[in-house]
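Chemist: Chain by chain, the residues run as shown.
2 protein chains.
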Amino acid sequence: MEKLSELIEQRDLKGIRQWLVDTGSLEIAEALTRVEPEQRALTFRLIPKDRSLDVFEMLDVPYQQEILSTLRDSNVRDILENMEPDDRAKLLDEMPPALAKQLLEGLSFKERRLTSMLLGYPENSAGRIMSPEFVELHGEMFIKDAMEKVRTSGRGVEAIYSFPITDDKGRLSGTIDLGDLVMADPLQKVGDLLTEEKYSVTTDQDQVEASRFLLETGFAALPVLDSDNHLVGVLTFDDAMEVLRESDTEDILRTGASEPLNAPYLSASLFMLARTRAVWLLVLALAATLTVNVLNIFQVTLQSVIKLSLFIPLLIGIGGNIGSQSATIIIRAMALGEVYFSDLLKVLVREIRVGFLLGLILGALSLPVVGPFFGWDMAVVLGSSLLSIATLAAFAGSVLPMFAKRIGIDPAVVSAPIISTLVDASGLIIYFLIAKAILNI
Amino acid sequence: MEKLSELIEQRDLKGIRQWLVDTGSLEIAEALTRVEPEQRALTFRLIPKDRSLDVFEMLDVPYQQEILSTLRDSNVRDILENMEPDDRAKLLDEMPPALAKQLLEGLSFKERRLTSMLLGYPENSAGRIMSPEFVELHGEMFIKDAMEKVRTSGRGVEAIYSFPITDDKGRLSGTIDLGDLVMADPLQKVGDLLTEEKYSVTTDQDQVEASRFLLETGFAALPVLDSDNHLVGVLTFDDAMEVLRESDTEDILRTGASEPLNAPYLSASLFMLARTRAVWLLVLALAATLTVNVLNIFQVTLQSVIKLSLFIPLLIGIGGNIGSQSATIIIRAMALGEVYFSDLLKVLVREIRVGFLLGLILGALSLPVVGPFFGWDMAVVLGSSLLSIATLAAFAGSVLPMFAKRIGIDPAVVSAPIISTLVDASGLIIYFLIAKAILNI
Chain A
1 MEKLSELIEQ RDLKGIRQWL VDTGSLEIAE ALTRVEPEQR ALTFRLIPKD RSLDVFEMLD
61 VPYQQEILST LRDSNVRDIL ENMEPDDRAK LLDEMPPALA KQLLEGLSFK ERRLTSMLLG
121 YPENSAGRIM SPEFVELHGE MFIKDAMEKV RTSGRGVEAI YSFPITDDKG RLSGTIDLGD
181 LVMADPLQKV GDLLTEEKYS VTTDQDQVEA SRFLLETGFA ALPVLDSDNH LVGVLTFDDA
241 MEVLRESDTE DILRTGASEP LNAPYLSASL FMLARTRAVW LLVLALAATL TVNVLNIFQV
301 TLQSVIKLSL FIPLLIGIGG NIGSQSATII IRAMALGEVY FSDLLKVLVR EIRVGFLLGL
361 ILGALSLPVV GPFFGWDMAV VLGSSLLSIA TLAAFAGSVL PMFAKRIGID PAVVSAPIIS
421 TLVDASGLII YFLIAKAILN I
Chain B
1 MEKLSELIEQ RDLKGIRQWL VDTGSLEIAE ALTRVEPEQR ALTFRLIPKD RSLDVFEMLD
61 VPYQQEILST LRDSNVRDIL ENMEPDDRAK LLDEMPPALA KQLLEGLSFK ERRLTSMLLG
121 YPENSAGRIM SPEFVELHGE MFIKDAMEKV RTSGRGVEAI YSFPITDDKG RLSGTIDLGD
181 LVMADPLQKV GDLLTEEKYS VTTDQDQVEA SRFLLETGFA ALPVLDSDNH LVGVLTFDDA
241 MEVLRESDTE DILRTGASEP LNAPYLSASL FMLARTRAVW LLVLALAATL TVNVLNIFQV
301 TLQSVIKLSL FIPLLIGIGG NIGSQSATII IRAMALGEVY FSDLLKVLVR EIRVGFLLGL
361 ILGALSLPVV GPFFGWDMAV VLGSSLLSIA TLAAFAGSVL PMFAKRIGID PAVVSAPIIS
421 TLVDASGLII YFLIAKAILN I
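Just so you know, the sequences run in chain order A and B. Taking the numbering used here, the leading residue of the first sequence gets 1, the next gets one more, and so forth. Taking the numbering used here, the leading residue of the second sequence gets 1, the next gets one more, and so forth.
Everything labelled a hint here was simulated from the structure, so no lab data went into it. Be careful, since some hints might not be right.
Identical copies go unnamed one by one, so any copy, or any two together, can satisfy a pair.
[To be verified] Calculated pairs, DSSO-like style, for lysine-lysine (alpha carbon to alpha carbon, straight line, at most 30 Å):
(1) K149 <-> K189
(2) K198 <-> K14
(3) K49 <-> K189
(4) K198 <-> K144
(5) K101 <-> K90
The whole structure should be built from the sequences, with the hints applied where relevant.
Modeler: Right, dumping it as structure tokens:
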């Protein structure tokens, strides 16, 4: 993969041309992401015409935009004209509106219609990622005729592995996979192959929900219905897959206190990198000022028993970790459709018990470790603080994300970082109150 | 979906039977996961024979095990015999070896052979999740004959959307998707449809790597070669998808300081929940004792300037957050194949610059906020500490995961929680050294 970089360094134009002929589109796309922008644009123009679209479609949107900006208008038009409608919509969607509009107008009527239709659906809706071109079969068709229709009208259609079946009134009556079609007796009717299961998603359904549903059904694609129950497209497996991975990335980054980059790491500018993180940091810093106030209030206590301060980082660290655990586990369970808001009580009981159990273990362990060195009263203060903070953390960590999702906020936004910061402040209060009581300061 | 629970409460056996007939396998599987174990087993036995396998295969392994344990041996044998080899291997793999062996012996020779073969490959290897049953085509075949072979020998084969092509010497010469086969002219030769791209994975390749590669190629399945380059199976899209989601779950949970549950949240026992978290907590608690020692060393400084303690949680909180950000972003970039170890230097430079930038912003903001209330010297101490800690955190957060992966440890293990705990201790040292210098204590 570093071959290209070498050839470029050696300015070996002939070598590059040869390499682009011998190498698979995927390797080329990979290699392109690993060279400097100028070289990328230059190399892309050297790719044999019949492969360049292939390679282009394998690149992430930021690279696609970058390359388009260096091509002649005619080439730009060629590429856009031949992209899959949903990929094209995704690309245009992330461009400056004026430019997107201009490019859209450069398309043929058919392609423009398809793309505008997709862009017409709300952001993050299934309608945005569906394939508006598909082969529709009828229950009354014979298998052999269905196969014939697939052959004649299926060329160049992305959604070729699953077909929506409609009845004589044009209503969706099911879905059939290409595999079953191939296996079936040519003289059977399509309708005979339908199971009683009739799955579909709607254009304004959330992308992630719809994609997860497709995966669960095990079909290669699902019909997409608009608000009037008209069949307007199909959601294909690979697009669903991409959506799920992106939402996983989002969850992972937010659990790590950062916003998604929406670009490959190495192609993101320093400014982008900082911006996706600064927002979170400022919010967290603000929340953290709570701890300053709490400590300020208990300054006298702290002054009189300085050793209390020694355990502050340990205590809030552990509290934060337990809160993060609960939040992360619940958020993932919700993302995988294992837990719904209706399970709130069940979840709460479990998490509180787990938190209590963990607090008990840690508290018990702390006694013999802390006692001999800092006094047994101090050990008791620490142990009981651990127990109460652990329980509180598990409670907060599970309930907050569930309510967030309930009111339509991505639960990952109130995940690990926020939870632990909130637990920090409340944990300190608990710690000092217990200390005052036991050490009667 | 709550319909089943109601019917069960009403002890309406007739109603349940009817519901099981009217409802799709997927809904049944979903509903089963939401009732008590006894009801689950009971309800499962009421599912019409022709559907029960369907439903069974849609359940997660823990539920499958639970249900099997309640069925008569003959039914257990039926179910296992008819499962996909890879699904069966996955199920047996998580059973007590003795029981697994016994069940394995209950299988027909063919199915037993396939399953043992899969189980023979190393854990987390592509060999474990491949489909050992597939239709192999030859480059010299005419399309119509290829289609015929697919029809005759493809029945019941999971991997029906992509076929490995071998040449006359039996060597893999490429892959062809069912869609292209259907579209092609029946009198063309299979070999004519092959592109110069020849993708495959190997049996002992890491599951996650192999799955990501399949996704990138855009094929519905890829051939799997063993160490002698023999074609022994195909890796299908849906299995790859499952692997990737599981590894994403793993990354998310580890970023949140917990080990994967390997079971749906609600079906996990309290003990399992606690265990997956306790390990992490003990490690983190141990690491956190560092902070106690650090503070102990600087106790005098702390005593003389008590207000220093007020900012400890805030300072280490922010440091931890910046470290988590870097770690999470880099780990995800590696998981998506955007960043390799060879990029270490590039990454380091970027992260250190980002960390410095963020520290600068936070430090600058802290001055006017802290100065008026706690004195300007204190403000300078805090500001410069923020700057240095932010830079250090970004450095540690990016370099540690990359080295972890390099030496074969899942980078997610040294992600957010560990990083922030380590940054805590070192951050405190920096803080106090700066304080001693500026406040000349």
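Chemist: Could you run down the list of hints and mark each one as holding or not?
Modeler: Here is what the structure says about each hint:
1. K149 <-> K189: Answer is both; intra-copy 14 Å and inter-copy 22 Å each pass.
2. K198 <-> K14: Answer is between: at 24 Å across copies they meet the 30 Å cutoff, but 56 Å inside does not.
3. K49 <-> K189: Classified as between; 25 Å across copies, 43 Å inside a copy.
4. K198 <-> K144: Within one copy, since 23 Å is at most 30 Å while 32 Å is not.
5. K101 <-> K90: within (13 Å within a copy, 50 Å between copies)
Of the numbered hints given earlier, the model fails none.
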